[in-house]
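**Student:** Each chain is listed here by its residues.
There are 2 protein chains.
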Amino acid sequence: MTTLQPIAFVGAGPGDPDLLTVKALRAMQEADVVIHDRLVSAEILALVGPQTRLRNAGKEGFGPSVTQNDINAMIVDEALTGARVVRLKSGDPTVFGRLDEELDAVIDAGLDYTIMPGLTSASAAVAALGQSLTKRGRNTAVRLITGHDMQGYADHDWRALAREGEVAAIYMAKKAARFIQGRLLMHGAPPSTPVTIVENASRADQRIVSATLATLPAILAEADITGPALLMYGLAPRDAAATALPHVQEMI
Amino acid sequence: MTTLQPIAFVGAGPGDPDLLTVKALRAMQEADVVIHDRLVSAEILALVGPQTRLRNAGKEGFGPSVTQNDINAMIVDEALTGARVVRLKSGDPTVFGRLDEELDAVIDAGLDYTIMPGLTSASAAVAALGQSLTKRGRNTAVRLITGHDMQGYADHDWRALAREGEVAAIYMAKKAARFIQGRLLMHGAPPSTPVTIVENASRADQRIVSATLATLPAILAEADITGPALLMYGLAPRDAAATALPHVQEMI
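Going down the list, the protein sequences come from chains Y and U. Oh and the first sequence: position 216 is 221 in the working numbering, straight run, nothing missing. Oh and the second sequence: position 142 is 147 in the working numbering, straight run, nothing missing.
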């Protein structure tokens, strides 16, 4: 008889292997199989145990159009063999991680699960800026926002965000940048509002690009951002050195 | 000549030592002095290196009314001796961590710094509920909010938060719970909106208490919450077992 193990949904953090939690690292090292997303870095995947199989849920076996159903089936099928399964997701699985669809599948299959949170990219990005997501006297709330949803560009409380001192970390915002700019300007946000682009937060190839709401689309195009990028709305890098160059500043 | 070390502002995460990042753990173990807040757990402080001095910025040497200026001075003075200083903050130092005042003092003193992000309590709390902070088809944004600010109870976009499907993690909300309830109901939030209280998120003494907007103040009073607590607005525990008891449910 095979004893079934709880499936561990594990956050890999923003990319730097040292930003894994101790708990996540241990789970990866004790797993029989790690089912990971495309965005989990090679340095992190190199930390799995010697007995661990890696399965790439971003493409393996399914071609370019891997569906959520395929991923759900992969997780459930592995667990039903008795394997210790780690479902490894970039960042924090509870933040824009499409965790719920996988949990539903696992629960429908009668399997147990556990969730191990990870650092979301916004925490790493803001630390790289030398800033805080919240600050006494400036903002008593911060929003984590996505640039698009199932219908296309996501709508948000633009009027509230347009007020002075508001801060938001905008995920998956590259394509939506001009839409976001337009909505915020229309609702009265000053064109000079800082917006900092953080590409590959926490990774060796991290880049910090300073813009304002007025210059955002042009600077995004000029910077040629190819990696995952966060828009940090309302925040400029604290360190003057990071804004000394006219447009694009690289930091390690 | 003494070489001055960059001061490391380090997030200790929500309390479980296994939710430290690898980077934070290493910084603690290599530090000469760790200056920590009152909320950093004893289990985490036990992980410092054998050569490390612990200084409690919550009370040490200053009595009950330790000021931010005292803490700033402690950090700067230690660094000026050439010590490797870790300033250890509960959760993520960039989220309601009063990081900026300390950074300003460090920069004014001409010292270097680095910020090592930590898991904020909301990530641990929502994982304990088996939920996500964001969910396709439900919410494309999540807010991290404080229950009070320098002026008293903090005001927020209650009208926006009152809409169906909104999710917020409300920090330091115990005293403000009745105020928050009143504002949200006034702006049309259904009384049946779930609000889950997570006390001591991720710690051995974690408690999850289910309420609704209608029952929140009564259940908070009945549950006798004494540890740090987050209100997870718009979220109920996924697991039916966690809501089976009428009011208070303890989970380990």
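Rather than coming from a laboratory, the hints here were simulated on the basis of the structure. Everything numeric in this text was worked out from a predicted model, so none of it was measured. Be aware that one or more of the hints could be misleading.
Intra- or inter-copy, both count: the list cannot distinguish identical chains.
Here are the computed lysine to any residue pairs in the SDA-like style, where the Cα-Cα straight-line distance is at most 20 Å [as the list claims (entries may be wrong)]: (1) LYS180 - LEU44; (2) LYS180 - ARG141; (3) LYS140 - PRO199; (4) LYS140 - ASP42; (5) LYS179 - GLN73.
**Student:** Sort out which numbered hints this structure fails and list those numbers smallest first.
**Tutor:** 5
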